[in-house]
Amino acid sequence: DGYRNTNLYQGGREANQDDYRYQDGNYEGYTPNDGYYRGGEEPTHEEDAQSDVTEGHDEDDEVYEGEYQGIPHPDDIKEKQKKRAPAMDDDYRDRADLMAERMEDEEQLAHQYENIIEECGHGRFQWTLFFVLGLALMADGVEVFVVGFVLPSAEKDMCLSSSNKGMLGLIVYLGMMVGAVLLGGLADKLGRKKCLIISLAINAAFALLSSFVQGYGFFLFCRLISGLGIGGSLPIVFAYFSEFLSREKRGEHLSWLCMFWMMGGIFASAMAWSIIPHYGWGFSMGTKYHFHSWRVFVLVCALPCIASLVALKFMPESPRFLLEIGKHDEAWMILKQVHDTNMRAKGEPEKVFTVSYIKTPKQVDEFIEIQSSTGTWYQRWLVRITTTLKQVWDNVLYCLTAQYRMNTLMLAVVWFTMALSYYGLIVWFPDMIRYFQDEAYESRVKIFDEEEVSHFTFNFTLENQIHRNGEYRNDKFIGMKFKEVRFEDSLFEECYFEDVTSSETFFENCTIISTVFYNTDLYEHKFINCRLINSTFMKEKEGCHLDFEEDNDFLIYLVSFLGSLSVLPGNIISALLMDKIGRIKMIGGSMLISAVCCFFLFFGNSESAMIGWQCLFCGASIAAWNALDVITVELYPTDKRATAFGILNGLCKFGAILGNSIFASFVGITKVVPILLASSALVGGGLLALRLPETRDQVLM
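Take the sequence shown: its position 617, counted from the start at 1, is 617 in this note's numbering, and no numbers get skipped.
Quick caveat, the hints were computed from the structure, so don't treat them as lab data.
Mixed in with the good hints there might be a few duds.
Think about it this way: if two alpha-carbon atoms lie no more than 27 Å apart in a straight line, the pair counts; the simulated DSS-like pairs of lysine-lysine are [said to hold, decoys possible]:
no. : residue 1 : residue 2
1   : K165      : K476
2   : K351      : K249
3   : K336      : K313
4   : K193      : K336
5   : K165      : K483
6   : K580      : K165
7   : K249      : K327
8   : K327      : K313
9   : K390      : K446
10  : K483      : K539
11  : K390      : K194
12  : K249      : K165
13  : K249      : K476
14  : K249      : K193
15  : K351      : K390
16  : K539      : K481
17  : K390      : K165
18  : K249      : K390
19  : K580      : K539
20  : K526      : K476
21  : K346      : K336
22  : K165      : K481
23  : K249      : K194
24  : K539      : K526
25  : K483      : K193
26  : K193      : K327
27  : K346      : K194
28  : K483      : K249
29  : K336      : K351
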């Protein structure tokens, strides 16, 4: 049964309409006001009658016959049309009526679009887009790990204090939080592809720039803007890819896409392990500019983002988004491209794309077109920007309307509790491992009491030592290094320090008489309650010149690598079971299992135990993350999808900031608070997730 066109009269107006309504798998007649694509003049009733007589022989009917079933005869449409009130002109209709008609159109489009995507099939086009968007998601995973890996080396180049290091760790999450909300909202107004390109371009540009800047403030700013860019990519990637997937494929393939986040962590860990320890990789320009190995690592970490940015230029815009804004022809051409690409890959190039027109919703937004002669250029841009931002803000408020309020609030709690626990523990695990290492290191400290040394030259490294009540007369300390050395209640008389480098070295309650310090980094703050009598400091070292290789750093790379690799089984299981057991059970079950894993952390009293429990926790929690991504995409309509995802992902990053700050403050104090906080948050979020609606059987609205 092919589509038939008829001339319907409404209130004296002649309108050419294609009438069908999706209901219980069939279409019943209805009379929308606009939105159909027509490629030429429509047939008359006589032509329809001839087509009915010769059905199966008409060339056009042969092409489209049987694609959509249940199309009523034009005579039936006329009878129903007579019973309806004449349609009012759009200029005199209430906005609420127009919105109601748009929602009705969107529902019809959702079912038709699902049938079209099924006809296009799942093949080469989706897999190509899968890898392109996967690189963008991989860049997001890399961004989370970059700062943590470069901190130990960056603090040497930039002389970072503890507070500065903490700010550098949190600034990326702050940028990602703002970027998710802002760019996610813009993606619903400007398009998925355009906003994703903007997002990746911002990240790539400022990530590359951050590897060259020398000052702490500028480096902090670059990482903030870089985080803002990559933060916007996550909501866009999932909204973009979901709109090329059919209902049967959506849950599984969105879960497979999540694996690229894991690959980002593995890539960052492997690159850090292979690049950063080689401190000689790089160059220096004078005494002010240094480009060390950690900066090379930052450059390499921008490669996935750049690769995705280049590949994305060859991918089309989401046709579902184009239909939402009334661009029927562009959407049809893209869907035909998807169909033909997949059919050629399957060896069926002769198969014809049978869709001739697609329903487009009524456009009710007010678009302002400013003439080039109106105002100055910046006034025109200001109007465009403020109008777009107002539309984004309206979308944000729409997610809190009665229709979506409860789902949005419940999802917000689940996202927040998951982020608070996961990101808090991800930071807590390495910090606890460092704490265990420091304890073991301190247990090996060597203590020297009341030693007397005179006329001796120290030209070797002193490490992990405490010297108490010692006396040093006429001694020379030349070209040496102090690491974790403390001098307490000691006397230095007529000594000479030259070209000395120190780390965590202090002089407490010491008396220093007639001593010269030349080209050292023994600054004033390293002398605590000391008496300096007739002593001289000449040509102090500028900047940080520490080049001790930290064994701890290697282990941190290994821990992050194993933690990222441990989510592979969870990714595979969630992808295979996502459409079988549903999103809700996946979220609830994964979060409750992760909560149980948290309690085993009470038995983590060694480095190996903490590494093992971290791998178990990451592997159990990844299924909840994957299911959250899928259900967030499916719960919201196309024109609000990226906005809602951006809001919830921004809230997730806020939870990450709180988790990092709270959990890190208890390292070395107690394990009870972090473990109880993480487990209780996971239990609460998991139980609340079970009250969310299941979405695996619904089409994308």
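Here is what the structure says about each hint:
| no. | hint | verdict |
| --- | --- | --- |
| 1 | K165 x K476 | violated (35 Å) |
| 2 | K351 x K249 | holds (22 Å) |
| 3 | K336 x K313 | holds (19 Å) |
| 4 | K193 x K336 | holds (18 Å) |
| 5 | K165 x K483 | holds (20 Å) |
| 6 | K580 x K165 | violated (45 Å) |
| 7 | K249 x K327 | holds (26 Å) |
| 8 | K327 x K313 | holds (20 Å) |
| 9 | K390 x K446 | violated (66 Å) |
| 10 | K483 x K539 | holds (21 Å) |
| 11 | K390 x K194 | holds (19 Å) |
| 12 | K249 x K165 | violated (44 Å) |
| 13 | K249 x K476 | violated (74 Å) |
| 14 | K249 x K193 | holds (22 Å) |
| 15 | K351 x K390 | violated (45 Å) |
| 16 | K539 x K481 | holds (17 Å) |
| 17 | K390 x K165 | violated (37 Å) |
| 18 | K249 x K390 | violated (35 Å) |
| 19 | K580 x K539 | violated (71 Å) |
| 20 | K526 x K476 | holds (19 Å) |
| 21 | K346 x K336 | holds (15 Å) |
| 22 | K165 x K481 | holds (24 Å) |
| 23 | K249 x K194 | holds (25 Å) |
| 24 | K539 x K526 | holds (17 Å) |
| 25 | K483 x K193 | violated (52 Å) |
| 26 | K193 x K327 | holds (15 Å) |
| 27 | K346 x K194 | violated (30 Å) |
| 28 | K483 x K249 | violated (58 Å) |
| 29 | K336 x K351 | holds (11 Å) |
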